[in-house]
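Fit the two chains together into the complex; they arrive one by one in their own frames, and the hints show the way.
Below are the chains, spelled out letter by letter.
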Amino acid sequence: DIQLTQSPSSLSASVGDRVTITCRASHNIGKYLNWYQQTPGKAPKLLIYAASNLHSEVPSRFSASGSGTDFTLTISSLQPEDFATYHCHQSYGIFAFGQGTKLEIK
Amino acid sequence: QMQLVQSGAEVRKPGASVKVSCKTSGYIFTDYDINWVRQAPGQGFEWMGWMNPNSNNVGYGQRFQGRFTLTSHTSLGTAYMELSSLGYEDTAVYYCARRIKFLGGAFDAFDIWGQGTMVIVSS
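Protein chains in written order, with our numbering: chain Z, 1 to 106; chain W, 1 to 123.
In isolation and in its complexed conformation, chain W is listed as follows (with noise of 0.2 Å):
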């Protein structure tokens, strides 16, 4: 069975880091890419950036960059985002999921989702 399985929730105060992780199982870990998407409370999704764990090439966001990581444990199968100078704004619940290709390649799709991390930014 295909699935992602995310770390627990978190709690920091503002200006800190949190690491979040994504353990990949039941398909090969690098033949796919990880994304991670965000929602903060009552609100829709919101890209964030993507990480190929063949090449270990990454994209990011613009909203995200310089304080956006993503990294990845293959022999492991798991996919980690690192974000850091957390605002009260990233109060989100943060997702990882596998981006699919159909057709032939040329339509992108995120078939297989994570639980969810609750990120939560308090004082």
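The following block holds chain Z by itself, in its conformation from the complex (with noise of 0.2 Å):
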């Protein structure tokens, strides 16, 4: 099975940061890798597919880059809404998550 390691587990930012997360798959995925955010009481979101793609509606400020095994998300400039837990998500093999990062406000 493909395990997915997220990078850091938590991490605190200010409004304005540019951040990023890292997500590492134990085996090459090329591009199989999305991204979602989970908002307490709230469904989780799409926010980035096939591991560079922004959904629809979502804001610029977040991109995502990598393929194979390394895999990044950043938002550039941060909003009070963005403060969030994100997840990766592997759709090539069995599907499975990282364990998550969550963003707290500094």
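What the hints contain is simulated information worked out from the structure, not anything from laboratory work. All figures in this text were calculated on a predicted structure; none of them were measured in a lab. It cannot be assumed that every hint is accurate.
Unchecked claim - Coverage of chain W stretches by chain Z, computed from C-beta distances (three or more under 8 Å per stretch; other residues unrestricted): (1) 40-48; (2) 78-91; (3) 107-113.
To be verified - Pairs of lysine to aspartate or glutamate residues, derived as DMTMM-like cross-links and limited to a Cα-Cα distance of at most 20 Å, are as follows: (4) Z:LYS45 - W:ASP111; (5) Z:LYS42 - W:GLU10; (6) W:LYS13 - W:ASP111.
Glycine is no exception: its CB is placed at the ideal position from the N, C-alpha and C atoms.
Laid out in structure tokens, this is it:
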């Protein structure tokens, strides 16, 4: 099975900061990597599909890149509504998720 | 507006079963697979399985084989998951999610999620 490891597990930042979250796959998964945002009490939201494609209505401050085993999600200028937990998800083999990265206000 | 609305929280004793519903609206139910994902307290997401409401084909994660059943009621646009032989480790929030294909069908993702159903296993 393909494992996904996110780093860091948690992160403190301020409004306006630029942050990057990393997701590493245990095997080569090409570009079969998605990113989701989870806010308490709300349904998870798809942000990025196929490693670097912004889903509809997702703000352009979100971007992502990577292929193979190493992937990143970047938020260029944090807004208050971005403080949430972010999850990567591989769709190459049997679906699997990373453990999540909690982004908190500093 | 496309959405998935799940049934409410459940409390079960160890060894019992639970059935959670996921009512869809705003799109053609049989056009998309429904997947189920759970999240134990303080943990990440764990994928459980999928169902195609058109063909009734299903696929289950290996950890859940034998005690996990996915069904649907097409005329109601509703998917169901049932988990039996519950243990304390099954305490989690359970989500249904619609699987969509992008870029000519080459890539899968979950574009619409239900709000989650808390299942608590407690004696």
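Now for the hints, and whether the structure bears them out:
1. Only residues whose C-beta sits within less than 8 Å of a C-beta in chain Z count toward coverage, and the region 40-48 of chain W has 5 of them, enough to reach three; the restraint holds.
2. Only residues whose beta carbon comes within less than 8 Å of a beta carbon in chain Z count, and the region 78-91 of chain W has 0; fewer than three means the coverage is violated.
3. A count of 7 residues in the region 107-113 of chain W with a Cβ less than 8 Å from any Cβ of chain Z is obtained; the coverage claim is therefore met, three being the minimum.
4. A C-alpha spacing of about 7 Å is found between Z:LYS45 and W:ASP111, which places the hinted pair at or below 20 Å, so the restraint holds.
5. Taking the CA atoms of Z:LYS42 and W:GLU10, the gap is near 18 Å; set against the 20 Å cutoff, the hint holds.
6. For the hint linking W:LYS13 to W:ASP111, the alpha-carbon distance of about 33 Å lies beyond 20 Å, and the restraint is violated.
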